[in-house]
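Enquirer: Note that the protein sequences, when read in sequence, are chains E and X.
According to the numbering used here, the first sequence is numbered sequentially starting from 170.
According to the numbering used here, the second sequence is numbered sequentially starting from 933.
Quick caveat, the hints were computed from the structure, so don't treat them as lab data.
If you're wondering where the values come from, they're calculated on a predicted model, not measured in any experiment.
We put the CB at the ideal spot given by N, CA and C, even for glycine.
Just so you know, not all the hints are guaranteed correct.
[Stated by the list, open to error] List of simulated lysine-lysine pairs, DSS-like, C-alpha gap at most 27 Å:
#, chain 1, residue 1, chain 2, residue 2
1, E, Lys246, X, Lys973
2, E, Lys481, X, Lys1044
3, X, Lys973, E, Lys385
4, X, Lys973, E, Lys480
[What the hints assert, rightly or not] Some chain E residues flagged as far from chain X (calculated, every beta-carbon gap over 12 Å):
#, residue
5, Leu245
6, Pro281
7, Leu288
8, Leu400
9, Pro418
10, Gly473
11, Met475
12, Glu484
13, Leu501
[What the hints assert, rightly or not] To be clear about the criterion: a stretch of chain X counts as covered by chain E if any three or more of its residues have a C-beta under 8 Å from a C-beta of chain E, and this derived list gives those stretches:
#, segment
14, 959-965
15, 973-985
16, 1002-1010
17, 1040-1046
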Amino acid sequence: LNPLELTLGIMTAVGGFVDISELVFAAKAGSTFGYALIWVFAVGTVGIIVFSEMSGRVAAVAKQPVFNLMRHRLGLKLGLLTLVASVISTLITCAAEVGGVALILNYLTGWPYALMAVLMTAVLIASIWVLPFEWIERTYGLLGLFMLVFAAALIAIDAPWGKIAAAFVPQVPSGLSTKELLSFGYFSVAILSAVLFPYEVYFYSSGGIEEGWGPKDMLKNRVTSIVGMGLGSMLAIAILANSAQLFGPVNVDPELPGTAALQAAIPFGRWGLILALLGMFFAVAGAAVETCMANAYSIAQFFGWMWGRHKKPWEAPRFTITWIALFLIALLIVLTGVDVMMLVELAILFSILVLPLTYLPLLLLSGDRKYMREHVNGPLAKTLGWLYFAIITAAAIAALPLFFLTSGGNG
Amino acid sequence: MTPDGRIKLVSELLDLPLIDSEGKYCGIVDDVELAGTRDLKLKALLVGPGAYAGRLPRWAMWLVKRIAGDRVTRVAIDRIRTITDGVHLECPGRDLGLHRVETAAGRWIPRKGAM
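Full structure from sequences and hints, please.
Expert: Encoded structure:
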């Protein structure tokens, strides 16, 4: 196990953890409910660690892409249904990320939003075209580490650490009205959905195959998912806690993604604001790349095409055409003028609805001794896996009623 | 081998990757062609989304056709060298027409600029 490679892998996972949905919901959750939703982030983080570790293990042991194995395990019909559901939800997420990155660039430069969306799509396409897989992953992940300014801001504003620590224990704030309780429920479901987006698992496992993982990489997979995603989640929790401390008491509703950047401007001034915007820019741009590539991976793996960015774009032509087309569709969605916040809401809603369908095959595959041999799920992975499957199924059932009852968390 | 065992053999062939004699990935087994009436024998492997026709409802096939086309390539059993965790062919995939769509799509992709 190469320590430098491991450190880079962890840092990449940390910088690449936060996306536009987490950014928005962490900031809104903090200003609306104080620290009370921190435990939901913690629960979701353990879930994404469990499923990422499983998917990395499947990729390393079976050496076959997860979507191909899913098709075999579920059958063609259910496999196709899973593909369609996950592609639609991830495409909406990709559009939200493209819109988000255009909005951040608009804050940074003052140039028109639509122009920024077109420009950024071109830059994102060019970066995937030019850079090999490892560079793509690391460039966006490592530059996303500017997000650490949010953790530094939390320290600088002298946060109430006792209250933050206590909020890791599951709780529902007392004295909420029915309307507020429903809103709390909706935020809980939305945060779970944002942390457990299925694209993260598809991208992570396909990335493992791109990098040629084998059974020898089992420790690397475990450490990267546990430490990298665990620390990455701390950034989202820092945004929530900053928001609870700075926005909640003065009734600021961080309705726009850019509002979160003010958290770093308050203690650090202009440079804090610039670092926060840069961190958000690279984190969200990285998420746009991940969503687009995760979709292209899924489609190519399902239909048995050549795939992967470890190959030159012309060596996997259908895969290349697919990820370019997906980026252009995401851009078209953004250019229709649909609000980024609406895209974030839709991405959250669609994702939670398809989560059980996308995680069940992974759970079955990683527990199948025929594929996994001695690396099959142990008692802990099995228990946590099924527990989280029950949690996401309950969240999926509750999502639609909560969305309509609370008008998307707006009361 | 029991009759159940034979059925299992065929079902396990489905979705296996095909690797040609040059080590190149050629797709996955989408269906199989069997010969005989009572004593069924494997005759060929079918590769490509056109082979889903017997396994999917019409609406789903309509969708597949729009995304991936409906081409199907037949790989006769005598072109298979071994079957392990994948189907290994004894000839290059291009001789069987397995790379035709990928090659056609490749004409649209400029061959420069990538590291």
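Enquirer: Indicate, hint by hint, whether the structure satisfies it.
Expert: Consistency of the hints with the structure:
With a C-alpha separation of about 26 Å, the suggested pair Lys246(E) and Lys973(X) falls inside the 27 Å cut-off, and the hint holds. Only pairs whose Cα atoms come within 27 Å are accepted, and Lys481(E) paired with Lys1044(X) is accepted, the gap being roughly 9 Å. A threshold of 27 Å between alpha carbons decides the hint, and for Lys973(X) with Lys385(E) the separation of about 39 Å lies outside it, so the pair is violated. Distance restraint check for Lys973(X) and Lys480(E): the Cα-Cα separation of roughly 38 Å exceeds the 27 Å cut-off, and the hinted pair is therefore not satisfied.
With a least CB separation of 5 Å from chain X, Leu245(E) falls inside the 12 Å interface cut-off, contrary to its annotation. For Pro281(E), the condition that its CB be more than 12 Å from all CB atoms of chain X holds, with the nearest at approximately 28 Å. For Leu288(E), the condition that its CB be more than 12 Å from all CB atoms of chain X holds, with the nearest at approximately 18 Å. Taking the minimum C-beta to C-beta distance to chain X, about 29 Å, the non-interface status of Leu400(E) holds against the 12 Å cut.
At roughly 50 Å from the closest C-beta of chain X, the C-beta of Pro418(E) stays outside 12 Å, upholding its exclusion from the interface. Its beta-carbon lying about 4 Å from the closest one in chain X, Gly473(E) breaks the requirement of being farther than 12 Å from that chain. Residue-level check failed: Met475(E) sits 6 Å from the nearest beta carbon of chain X, not beyond 12 Å. With 12 Å as the threshold on Cβ separation, the claim that Glu484(E) sits away from chain X is violated: the shortest Cβ distance comes to roughly 8 Å.
No beta-carbon of chain X is positioned within 12 Å of the beta-carbon of Leu501(E); the least distance is around 17 Å. Counting residues of the segment 959-965 of chain X whose C-beta lies closer than 8 Å to any C-beta of chain E gives 3; at least three are required, and the coverage claim holds. Beta-carbon proximity to chain E at under 8 Å applies to 3 residues in the segment 973-985 of chain X; the threshold of 3 is reached and the given coverage holds. Coverage of a stretch by a chain is defined here by at least three residues with a beta carbon nearer than 8 Å to that chain's beta carbons; for the segment 1002-1010 of chain X and chain E the count is 0, and the condition is violated.
Closer than 8 Å: that is the beta-carbon criterion, and the segment 1040-1046 of chain X has 6 residues meeting it against chain E, so the requirement of 3 holds.
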